[in-house]
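S.K.: Next come the chains, spelled out residue by residue.
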Amino acid sequence: KQEVTQIPAALSVPEGENLVLNCSFTDSAIYNLQWFRQDPGKGLTSLLLIQSSQREQTSGRLNASLDKSSGRSTLYIAASQPGDSATYLCAGLYNTDKLIFGTGTRLQVFP
Amino acid sequence: DVKVTQSSRYLVKRTGEKVFLECVQDMDHENMFWYRQDPGLGLRLIYFSYDVKMKEKGDIPEGYSVSREKKERFSLILESASTNQTSMYLCASTPITAGVSSSTDTQYFGPGTRLTVL
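Heads up: the protein sequence lines correspond to chains A and B, in order.
According to the numbering used here, the first sequence is numbered sequentially starting from 1.
According to the numbering used here, the second sequence is numbered sequentially starting from 1001.
If you're looking for bench data, these hints aren't it; they were derived computationally from the structure.
Derived pair list, reagent style SDA-like, types lysine to any residue, alpha-carbon separation capped at 25 Å:
1) K1003(B) to L49(A)
2) K42(A) to S1008(B)
3) K42(A) to M1027(B)
4) K42(A) to P1061(B)
5) K42(A) to P1095(B)
6) K1070(B) to S1007(B)
7) K42(A) to T1005(B)
8) K1(A) to G1042(B)
9) K98(A) to D1105(B)
10) K98(A) to M1088(B)
11) K1053(B) to S1075(B)
12) K42(A) to P1039(B)
Put together the whole structure using the sequences plus the hints.
M.R.: This is the structure:
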């Protein structure tokens, strides 16, 4: 069964800290691995998409890596800001065209 | 920019009522999806559709049905709402074409509908 797990479930850090969010998946036959951001009571916004042939993607202060052999992806956030506070979800796309989501990491960055 | 809209942000219904949740996307995407999101369970796929009048069951279709009469619109129907269907419902669309999985396309989500069934 294809499963995606995110640890930790919640994280609270002071502003300016660099941090890493973790995502693991049981089936390495993914087409891509995606990271989303969700603000409270809102929909999901795509942050980064890493194709199965890629190792990482970067957008501004965000860097996502993918290691298919170990079934892991990480989202690195540099110099965190209070505006980064949100829930971050990772999801793996498989050949069924369906995304399998993790349960998310709720991040709070305090001033 | 891709825009996915959902008919209601908040909805309160009574047990046994028939409920319609509407989703519209403006980018001519072939695929559309309905998820529900519950604390500790994450997003779970209810139904998806590859094209007009086509539908596929997701992981938790029981108690739900869908309708896709036009390409841009995908409706989720609760035939007889129950309290365990209280949840956040999210619609998404993607240009991935059925049978030809692209590894470069993400799903675009609507703002969600918070449904409460009393």
